[in-house]
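Enquirer: Chains as they are written, first to last, in UniProt numbering: chain A, 1 to 396; chain B, 1 to 396.
Don't read these hints as lab results, they were simulated from the structure.
This list has only true hints and no planted wrong ones.
Derived Cβ-Cβ restraints for the label pairs, each shown as a range:
1. A:169 to B:105: 15 to 23 Å
2. A:49 to B:18: 51 to 59 Å
3. B:311 to A:32: 44 to 52 Å
4. A:55 to B:45: 52 to 60 Å
5. B:311 to A:169: 23 to 31 Å
6. B:15 to A:207: 37 to 45 Å
7. A:35 to B:293: 22 to 30 Å
8. A:143 to B:169: 52 to 60 Å
9. A:376 to B:35: 32 to 40 Å
10. B:26 to A:192: 33 to 41 Å
11. B:44 to A:55: 55 to 63 Å
12. B:15 to A:188: 40 to 48 Å
13. B:395 to A:55: 32 to 40 Å
No more than 20 Å apart at the CA atoms, straight line, and that leaves these computed lysine to any residue pairs for SDA-like:
14. A:19 to B:323
15. B:211 to A:206
16. B:134 to A:25
17. B:134 to A:36
18. A:134 to B:22
19. A:211 to B:72
20. B:134 to A:34
21. A:134 to B:32
22. A:134 to B:39
23. B:134 to A:46
Covered, in the sense of this in silico footprint (three residues per stretch, anywhere, with C-beta under 8 Å from a C-beta of chain B), are these stretches of chain A:
24. 20-33
25. 76-86
26. 132-145
27. 205-213
28. 259-265
Using N, Cα and C, we set each Cβ at its ideal position, and we do this for glycine too.
2 protein chains.
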Amino acid sequence: MSDVTATYRVPSGPDLHKKAEGIALGLTVGSWTNLPALEQSQLQQHKGEVVSVTDDGSQATLTIRYPAANFSPDIPAILTTVFGKLSLDGTIKLVDLSFSESLAQQFPGPTYGIDGIRKQLGVTDRPLVMSIFKGMIGKGIDEFESQLKAQARGGIDLVKDDEILFDNPLTPFEYRVTIGKRVLDQVERETGRRVLYAVNLSGRTYELRDKARRAAELGASALLFNVFAYGLDVLQALAEDPEIPLPIMAHPAVSGALTASPEYGIANQVLLGKLLRAAGADLVLFPSPYGNVALAQEETTAIASALTEQAPYRSAFPVPSAGIHPGLVPQLIADFGVHSVINAGGGIHGHPDGAAAGATAFRQAVDAVQNGLTLEDAAREQKELSAALNLWGVPQ
Amino acid sequence: MSDVTATYRVPSGPDLHKKAEGIALGLTVGSWTNLPALEQSQLQQHKGEVVSVTDDGSQATLTIRYPAANFSPDIPAILTTVFGKLSLDGTIKLVDLSFSESLAQQFPGPTYGIDGIRKQLGVTDRPLVMSIFKGMIGKGIDEFESQLKAQARGGIDLVKDDEILFDNPLTPFEYRVTIGKRVLDQVERETGRRVLYAVNLSGRTYELRDKARRAAELGASALLFNVFAYGLDVLQALAEDPEIPLPIMAHPAVSGALTASPEYGIANQVLLGKLLRAAGADLVLFPSPYGNVALAQEETTAIASALTEQAPYRSAFPVPSAGIHPGLVPQLIADFGVHSVINAGGGIHGHPDGAAAGATAFRQAVDAVQNGLTLEDAAREQKELSAALNLWGVPQ
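Extracted from the complex, chain A is given alone in its bound form:
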């Protein structure tokens, strides 16, 4: 039977089976034991079911199965069922969510995913390197063009807008797309390397599809999307749209409001992992475990696993972000593998010799790890990497 299974973390305590039963019934058929047998048989296929209750003495988990017959196969209906009213019901966190096979098939997953993006870039065997525009608010299109050139020429694979750069008179969305395409085409002619630029898709919800379609027509290569400022279902609609044939990079902006508390809200692996992948994100940014805006290592690992393991969807690229500099590349590859994106802002723009050298240093660090060299050894021959290590060091 098609269903969704949700696991909740709640405080340890007595009567947890009763609590779980109350949730399973309250969020489905309402009541059960006092119903006439005929009504019970009619409602059987709609009744929620307690799958398990565990209690380790400090905290407990309740796992409950909700029949898919109760909701339409869309994320808003599923979220409302499994964590609608329940999100308001005391100390409770949604820590896992699984769709049965037939329900999972109602969602698209990534259109491109890791393999599709690698194919677009012609890069098969190493982590990708991404950089972020720096301080574009209040700056004009010339600054945009020169920053993009420097980053792309230095050797990165992807460039993304800052998530706080919206459509604006100085660097309008369509200008960024058009000029972005021109710059990246030029870099490809010069270097043979294809680079993707993720333009921030912003504005009113009901304008996004037309705007994204227009971006595709104008030659955009990828979209950045602040999905949690809109809704997961909007991401899904963009991913499913055949007239928007672009990889979508999901930004975690606003998600901390849902995930940061250990006691309330939704776990990162559910929100940034499972749900973003099901809804169709091709790349997912999340706080790295290294910076000062850091997630715990186990949380970032859980997000990355949710993005890449198990059927039925294509894998999405994990993009651990914030606090990344070239000295961290061995650690990043150890933690997230070659099928991840190394993403830096300050670690590229803050390079003593500028953004192009910053990008080059990252590529040199990646090549060093791929070739089994230490960064220090590689830096002897490579001045960009050497300058980066001098500035940021290598964590021991």
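We have chain A already, so just place chain B on it with the hints.
Expert: Just chain B, lined up with the frame of chain A:
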């Protein structure tokens, strides 16, 4: 100058001015003190500004002003600016948000609001009474019709779908609208009272407008909307649509994931109060301070104030919900005033003589308070109220 001002609660500590300055710059122009004077003058109008920093020794608040020049005038851009990356930045809660006058005018506020809904119902001087369908999952359209008749005939002003009833084969959306209209028209002919039925608008985001327009054509009288399973901007689009001339009732499903932690997320008065009102909710449900899914009294008061006080929008109806029975009516009116909606599910359907009697008991309780009687006095003459008080009591 047009702007948005956000207030955050953070842990007490040293260097809070530096932290606030880091936010004000980091979420706007990026850096400041090292910029050349020319660049500073170009960026002045984009620079965030620390308005105040207070610290009472146990917790601190930071208030920061963000120029509207930095974002498009939509809620996703504003949320991403004021609580995008910042939501991921350690222990921090967004506790207040204010739009400058010119920014506020970019948002619709309620299309009907309290006055408009009162006008539709012809009820000017008392709290409205609302009831909720009971256990409709797995039930057919006959059950829908008979529950609606019982509730409406008993004297309530509004009936709403349960938020977990989605579009489904047993009670499809359009059937509920059509049959709802027929029943309510009949009740109006019989009793002279108009009753509104809020049908749950559900499904995929990009289908909602057409579905709501179709509902309006078919004679729907109001919409229920799980706004936090979609996005505030979707609510705004529905509210602004001239082809959807229906009051919108916002349900708090999923909002607890954002509001419940005292240390993280977004305060109820911001999310359920200010933002829902700005986006155009006509009625806002939130947990009452009385039930077992309760909010603190000060939080419910803050939500109600944010929905009803100050310009420039129409006032939205506060609808404190959960745990409501007729014995609580004097308390509800004392706490939320006559310009509120008294909303009950179990407190109507659980009446010993059925839902119609349950609805009547609530109306009798409201009339008693309006006429300066105690519930006990009124119950001497009124058997429905008497039975309700016998069952649920009157809190002392």
